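J.: The listed protein sequences correspond, in order, to chains A and B. Position 111 of the first sequence, counting from 1, maps to 111 under my numbering, and the rest follow consecutively. My numbering runs 719 ahead of the 1-based position in the second sequence.
No lab work stands behind these hints, which were simulated from the structure alone. Note that the structure is predicted; figures quoted are calculated from it, not measured. Hints may be right or wrong, so weigh each one.
Which residues of chain B face chain A? A partial, calculated answer using Cβ under 8 Å [unchecked claim]:
| hint | residue |
| --- | --- |
| 1 | 767 |
| 2 | 769 |
| 3 | 773 |
| 4 | 776 |
| 5 | 777 |
| 6 | 785 |
Beta carbons are placed, not taken as given, at the ideal position from N, Cα and C, and that holds for glycine.
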Amino acid sequence: MLGTPRQLVWLLAVASFLWGVAWAEPVQAAGANDEVLEGIIDGILESEVGTQQYDKALQNLEAAKGICEGGACSAEAEAKLLAVVGTVQALDGQDGAAKKSFKQALRKDSDVELPSKFANDDVKSIFAEVKGTKSTKQAAGCRGRFKGRGRKPFGWKSAEAFFCYTEAKAAESDEDYGRCADEARSSLEVESRTGTRTVLARCLELGNRWNEAIAEYQEVGRTAPKSGQFTAGRKARARAATLQRRMPALNLKPPDDVDDLVVKLDGTELPLEILEAEIPIDPGEHEIVASGKQGGTPVGFSQNIELEPDESITVLLTLSPGNPDPQTQKILKCLAEGKTPRECLPTASETVSGDLTYRVGVEASGYTDDMDVDVATPSLSFSVENTTDGWGVGAAFLLDVVTAASIDILATASPRWREARYVPAINGHKKFGDWDVSGRASLSREPDYLSGSVGATVTADFVQKTVTPSLGFEYSHDINGRTQTDFDVFGKRINRFAITAGVGMVLDKATFASTSFVTVIEDGDLSKPYRHVPMFAADVAPQVSPGLVIDAVNFFREPERPLEQLPLSRKRFAVAFAIAHRFADATIRASERLYIDTWGTKATTTDARFMYDLLKELRIWPHARFHAQTAASFYELAYVIQRTPDGRAILPSLRTGDRELGPLIAVTVGGGMRYEFGARRSLGLSLAGDFIYSRFLDHLFVKQRLGGFGALGFDAEFE
Amino acid sequence: MIKTNASRKSRSALCLTIMGLGLFFSAGCTTVAPYERAKLAHPTMAANEMAGPGEEHLRAVTEGAIGGSAGAGSGCGCN
Numbered sequence: 001m002l003g004t005p006r007q008l009v010w011l012l013a014v015a016s017f018l019w020g021v022a023w024a025e026p027v028q029a030a031g032a033n034d035e036v037l038e039g040i041i042d043g044i045l046e047s048e049v050g051t052q053q054y055d056k057a058l059q060n061l062e063a064a065k066g067i068c069e070g071g072a073c074s075a076e077a078e079a080k081l082l083a084v085v086g087t088v089q090a091l092d093g094q095d096g097a098a099k100k101s102f103k104q105a106l107r108k109d110s111d112v113e114l115p116s117k118f119a120n121d122d123v124k125s126i127f128a129e130v131k132g133t134k135s136t137k138q139a140a141g142c143r144g145r146f147k148g149r150g151r152k153p154f155g156w157k158s159a160e161a162f163f164c165y166t167e168a169k170a171a172e173s174d175e176d177y178g179r180c181a182d183e184a185r186s187s188l189e190v191e192s193r194t195g196t197r198t199v200l201a202r203c204l205e206l207g208n209r210w211n212e213a214i215a216e217y218q219e220v221g222r223t224a225p226k227s228g229q230f231t232a233g234r235k236a237r238a239r240a241a242t243l244q245r246r247m248p249a250l251n252l253k254p255p256d257d258v259d260d261l262v263v264k265l266d267g268t269e270l271p272l273e274i275l276e277a278e279i280p281i282d283p284g285e286h287e288i289v290a291s292g293k294q295g296g297t298p299v300g301f302s303q304n305i306e307l308e309p310d311e312s313i314t315v316l317l318t319l320s321p322g323n324p325d326p327q328t329q330k331i332l333k334c335l336a337e338g339k340t341p342r343e344c345l346p347t348a349s350e351t352v353s354g355d356l357t358y359r360v361g362v363e364a365s366g367y368t369d370d371m372d373v374d375v376a377t378p379s380l381s382f383s384v385e386n387t388t389d390g391w392g393v394g395a396a397f398l399l400d401v402v403t404a405a406s407i408d409i410l411a412t413a414s415p416r417w418r419e420a421r422y423v424p425a426i427n428g429h430k431k432f433g434d435w436d437v438s439g440r441a442s443l444s445r446e447p448d449y450l451s452g453s454v455g456a457t458v459t460a461d462f463v464q465k466t467v468t469p470s471l472g473f474e475y476s477h478d479i480n481g482r483t484q485t486d487f488d489v490f491g492k493r494i495n496r497f498a499i500t501a502g503v504g505m506v507l508d509k510a511t512f513a514s515t516s517f518v519t520v521i522e523d524g525d526l527s528k529p530y531r532h533v534p535m536f537a538a539d540v541a542p543q544v545s546p547g548l549v550i551d552a553v554n555f556f557r558e559p560e561r562p563l564e565q566l567p568l569s570r571k572r573f574a575v576a577f578a579i580a581h582r583f584a585d586a587t588i589r590a591s592e593r594l595y596i597d598t599w600g601t602k603a604t605t606t607d608a609r610f611m612y613d614l615l616k617e618l619r620i621w622p623h624a625r626f627h628a629q630t631a632a633s634f635y636e637l638a639y640v641i642q643r644t645p646d647g648r649a650i651l652p653s654l655r656t657g658d659r660e661l662g663p664l665i666a667v668t669v670g671g672g673m674r675y676e677f678g679a680r681r682s683l684g685l686s687l688a689g690d691f692i693y694s695r696f697l698d699h700l701f702v703k704q705r706l707g708g709f710g711a712l713g714f715d716a717e718f719e
Numbered sequence: 720m721i722k723t724n725a726s727r728k729s730r731s732a733l734c735l736t737i738m739g740l741g742l743f744f745s746a747g748c749t750t751v752a753p754y755e756r757a758k759l760a761h762p763t764m765a766a767n768e769m770a771g772p773g774e775e776h777l778r779a780v781t782e783g784a785i786g787g788s789a790g791a792g793s794g795c796g797c798n
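The following block holds chain A by itself, in its conformation from the complex (with noise of 0.2 Å):
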């Protein structure tokens, strides 16, 4: 029996994170191809086709066609393949060739489609045309087109009748039986005569479809003696009987030790009481599929045959479980290794080791805002990254030119200044099967404040890279010192460790997850050797308001200019949850961090941006965020000084003017684009900028904020 309530809660924790933890399902054998196909295909058409690669799309498609040997692929999944063949060879100009794939992939599956997002016009008339659909007025057929008038021939009751047979000669005549056949068809839906259906009979047959020209053939032999058509009549049966003498036959054997076999016959089921049996078959090109199970494994067996006028064929049903090539072995092995298509389909300049990938990248920003202070960052990037070896390294330069006259400035009647930071910084990566080692250094140089750091971060990949922990540890010494004074003379030492642990989770196809804890500990003096703290009596202070002006501060305020006093140590904690989530064309991301530190700092951040690709090669985004914090446990808006009954001052053990450390509201609304182009869109263009508004709660001198952010960058990938 559980005990109290508090018990059972306990209970329920524990046992739900077990449970979660736990229950992670295996990962899935790649069974029937039909999957894999997918995916591959998927592949090709984003990274490929996007890019406009035709020639390596088609032989990597070539190259795809290998997994569905020995029946391991549904006719469906055949038929998308041939489908996306025919696309890209539409989009390379080879018109020809497309309409035979397209051709192949409707035996295969009538009711395949197009990949929507590559299918332009020109594909998809091509697709139409080789499914007999080019127009709406070429689907409506003859009928569609007739206009209501035109002459009736004598003999002939309808002129739609006659424009539809004149119609389906004209097709005869181009060597377009298809379109023969059907306009013939709709002449006879409107007027049945056997002129117009001899025409249908002898397009069926010309066209290949002897089984349905038998039955037209038959039908004229029957009905045109009984309109004294005689002779008509007594070729039309002789055709007939002709046609089916010299109907090619298929004899299918099936195996005896295979269960639930299936057999298609282009794309049709066959009963499998008709196996083993003559099976009359228009002559001209027919697939055979078939599948089934073997002693519980999966086989299958697929042939494409072609038939001639008199020919009679047997195949043997031999369903085996599939034996791709052995390039096609070494793709499916890459996959199930956790690989993506891309990396895995061979490439026409395949190189195996010494793929450098190099990456360049500028970027100038800059802030304002109405207080007075201007701040222009430029800085620069460079990389290089081995994707076959697993290592990378790089390197940055960032420039912070800070101009300031803020109020802060003028509360200590301190003049305009300039000041530049200098930030170099190195990094660099290698991966070790799953798991991947990065470290990074950086120097912070200004005339003030001298800091460096040096850290490094682990990285492992689980469950095919659908579970990514990391653990990383950054340590730096900062010097606090004074312009114009050298370090040694004047430098206050910080000491900062931080560790950071984070997991990042693929949620779905379509979405990922992560969240990270940081715990940051500060030991040293943080306190500015510039900022002046007012001081008030205790009888003046309640009266102080926030946002009073510099003059009425320096009205009420008592002589005494203490120095800003912070506590020498700090342990901060923040823990951070990120989700991104990708639609048919925009994705959008949020991410949540809350905040807490021994200062009796709290902070809640919520970030999001929804980025729209409005085309392929360009992509825009609004982006918001919200920050709010409470004040540190020592702010104060007007700090007491108490005195000793002899006059002198006691301060303050912990004072501070740094608005940052007060409560504060910050909103940001702003949004970016980025365009990106050049061969393989290698080359990209960002711009950005934010509006943020800030509100100081409980402060002397302002209230508020208003400030502009923004960011052009450019960068460039490049083998």
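Based on the hints, put chain B in the right spot on chain A.
T.: What follows is chain B alone, placed relative to chain A:
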């Protein structure tokens, strides 16, 4: 034994964290085969921060909090 308010609160927080982690891990238990990750491979789905170096530095200076991105501290006397 007398339990203080702080002790009760921290145990409740730990309990909620364990349940939250359990839910989080169980939500991630769906297996996605490598060949189904075309959408996940889109550049906007990268795990790294979307903000550039200038924006990251601005946030570090104007917000009194850290975490949620690559940096663990400001590394500058910017405030």
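J.: A separate judgement is required for each hint: does it hold in the structure or not?
T.: Going through the hints against the structure:
| no. | hint | in the structure |
| --- | --- | --- |
| 1 | 767 | violated, 10 Å |
| 2 | 769 | holds, 6 Å |
| 3 | 773 | holds, 3 Å |
| 4 | 776 | holds, 7 Å |
| 5 | 777 | holds, 6 Å |
| 6 | 785 | holds, 6 Å |
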